[in-house]
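Participant: Just need the whole structure built from these sequences, with the hints factored in.
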Amino acid sequence: MHVLPHSVTISLQPASRGSQSLAPLFIMPFPTREEAYNIFKLFESPPEGSQRFFQEYVSPNLEFHAIGPPGSSYAAVYHSKAEFLAGGFGKLGKAVQAPGLKFVIPNGIEGVVVDEKRGFTAVRFDATNSITHSGVPYQQHYSWHVRFGEDGLVSHIWAYLDHGYLDQVLGSELRRMGIA
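Residue 112 in my numbering sits at position 105 of the sequence shown, with consecutive numbering throughout.
Since the hints were made in silico from the structure, they are not lab data. One thing to keep in mind: the hints can contain errors.
Here are the computed lysine to aspartate or glutamate pairs in the EDC-like style, where the Cα-Cα straight-line distance is at most 20 Å [unchecked claim]:
hint : residue 1 : residue 2
1    : Lys101    : Glu55
2    : Lys88     : Glu41
3    : Lys101    : Asp169
4    : Lys48     : Asp122
5    : Lys48     : Glu63
6    : Lys88     : Asp158
7    : Lys124    : Glu41
8    : Lys88     : Glu55
9    : Lys101    : Asp158
10   : Lys124    : Asp158
11   : Lys98     : Glu51
12   : Lys124    : Glu42
13   : Lys48     : Asp133
14   : Lys88     : Glu63
15   : Lys98     : Asp169
16   : Lys88     : Glu117
17   : Lys98     : Asp174
18   : Lys98     : Glu70
19   : Lys101    : Asp133
20   : Lys98     : Asp133
21   : Lys98     : Glu55
22   : Lys124    : Glu157
23   : Lys101    : Glu41
24   : Lys48     : Glu123
25   : Lys88     : Glu157
26   : Lys101    : Glu90
Facilitator: And the structure:
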C-alpha cells in the first residue's frame, strides 16, 4: 500500500503477462518528467507501444484537439478515445506500412516539459521510419500539449503539426487507397 499526498490510498499489484511483470509507469496523481518521458516513449515501439499508451494511460473521455489552420481537413476535435482512434490516429495509421506510425522524442528526456503540480506535459515528437504503402517516408514533427486528470490518465491532448505535409504524404496515400 502507498499513501499519496492527497490521502488517497492505492494498492499496487502489477499486472503480469507470462513471466513478465508490468508495473505502472507512475504513481498518481501526476507523472514526473521521467515518468512522462517513459509513457510517451512507448510510441517508439509500434504497434505494441502505442496500443499500450492508449489502453493504459488515456481516459476513455479523452478530448483530442488536432490544431491546424482554417480549412484543414485534419484540424479536428475528437471527444473520446474511441472517436480519435477510429477517425484520427487509426485512419492515418492505415496509410503506413507495418509496424505503423513510429514517434521518437528527439532530445530524449529534454524533449519533455512537465508541470507536476497541475498535470500538464508538453512533448516533442518526430515521426520516423514510417513509410507509406507506396514507399514515401513520413517524417513529421509534432508537439503535443497534454493534460493528465486527477485519475492519472491523459484527459486532453492539443496536437500541433504541419497539416500541409500531413496531407501531402499521408493524405495522398489515403486517397490513393480510396480511404480518404
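Participant: Decide, hint by hint, whether the structure agrees.
Facilitator: Here is how each hint holds up against the structure:
{"no.": "1", "hint": "Lys101 - Glu55", "result": "holds, 16 Å"}
{"no.": "2", "hint": "Lys88 - Glu41", "result": "violated, 24 Å"}
{"no.": "3", "hint": "Lys101 - Asp169", "result": "holds, 19 Å"}
{"no.": "4", "hint": "Lys48 - Asp122", "result": "holds, 18 Å"}
{"no.": "5", "hint": "Lys48 - Glu63", "result": "holds, 14 Å"}
{"no.": "6", "hint": "Lys88 - Asp158", "result": "holds, 16 Å"}
{"no.": "7", "hint": "Lys124 - Glu41", "result": "holds, 15 Å"}
{"no.": "8", "hint": "Lys88 - Glu55", "result": "holds, 17 Å"}
{"no.": "9", "hint": "Lys101 - Asp158", "result": "violated, 31 Å"}
{"no.": "10", "hint": "Lys124 - Asp158", "result": "holds, 14 Å"}
{"no.": "11", "hint": "Lys98 - Glu51", "result": "holds, 19 Å"}
{"no.": "12", "hint": "Lys124 - Glu42", "result": "holds, 14 Å"}
{"no.": "13", "hint": "Lys48 - Asp133", "result": "holds, 11 Å"}
{"no.": "14", "hint": "Lys88 - Glu63", "result": "holds, 12 Å"}
{"no.": "15", "hint": "Lys98 - Asp169", "result": "holds, 17 Å"}
{"no.": "16", "hint": "Lys88 - Glu117", "result": "violated, 27 Å"}
{"no.": "17", "hint": "Lys98 - Asp174", "result": "holds, 13 Å"}
{"no.": "18", "hint": "Lys98 - Glu70", "result": "holds, 17 Å"}
{"no.": "19", "hint": "Lys101 - Asp133", "result": "holds, 18 Å"}
{"no.": "20", "hint": "Lys98 - Asp133", "result": "holds, 19 Å"}
{"no.": "21", "hint": "Lys98 - Glu55", "result": "holds, 17 Å"}
{"no.": "22", "hint": "Lys124 - Glu157", "result": "holds, 11 Å"}
{"no.": "23", "hint": "Lys101 - Glu41", "result": "violated, 31 Å"}
{"no.": "24", "hint": "Lys48 - Glu123", "result": "holds, 18 Å"}
{"no.": "25", "hint": "Lys88 - Glu157", "result": "holds, 17 Å"}
{"no.": "26", "hint": "Lys101 - Glu90", "result": "holds, 16 Å"}
Of the hints listed earlier, those the structure fails to meet are numbers 2, 9, 16 and 23, in rising order.
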